[in-house]
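Peer 1: Sequence:
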Amino acid sequence: MHPLIEKFEKVIMGSLVVLMIVVVAVATIELAWLIIKDLWTPPIFFLEIDELLDIFGLFLLVLIGLELLETIHTYHKERLVRVEVVVLVALIAIARKIIVTDYKNLTSFSLLDAGALVLALAVAYYLLQGIKRRGAPPSPRGPDAGNET
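According to the working numbering, the sequence shown holds residues 12 to 160 in order.
FYI, nobody ran anything at the bench for these hints, they're computed from the structure.
Treat the numbers as computed from the prediction; the structure is a model and nothing was measured.
Warning: the hint list may mix true and false statements.
Distance condition first, Cα-Cα at most 27 angstroms in a straight line; then the derived BS3-like pairs of lysine-lysine [stated by the list, open to error]:
(1) K88 - K21
(2) K88 - K48
(3) K143 - K48
(4) K88 - K18
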């Protein structure tokens, strides 16, 4: 690869890592503030359902940010995108959406779509973990390729 392109890519990756760190830090501070504010609002130390849903949604959003940060960091270090992490981020994002959704205004097709998406992502994650446990299939090319005995 051309040295200028490599330098540009390093700058962009470094910028993305720094920006993601800032976003995750700000979201974590906002989560802490939300918890403290909700706990001190009368009735004290009592959280209503809407407040809990907001907290859970923001908590899952922080987890998504951390997983994306790991993905960017892994790509920057190893030039490798770990597909299982991407699928896990998608699964967390869909779970977050399901948790914070107001079901009063949804159609049954929307619920079926979300369920099908969760099922597809869970199956994909399971299959990826199975492949990871078994190891990658042997490469057809290697030192003994073409030397049939």
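Peer 1: Check whether the Cα positions of K88 and K48 lie no farther apart than 27 angstroms.
Peer 2: Cα-Cα ~39 angstroms, so violated.
Peer 1: Under the criterion that the straight-line Cα-Cα distance not exceed 27 angstroms, is the pair K143, K48 satisfied?
Peer 2: violated (43 angstroms)
Peer 1: Against the 27 angstroms threshold, does the CA-CA distance of K88 and K21 hold or violate the hint?
Peer 2: holds (10 angstroms)
Peer 1: K88 and K18 were given as a pair; does the straight-line alpha-carbon distance stay at or below 27 angstroms?
Peer 2: This hinted pair holds, its Cα atoms lying about 14 angstroms apart.
Comparing the model with each numbered hint stated earlier shows that hints 2, 3 do not hold.
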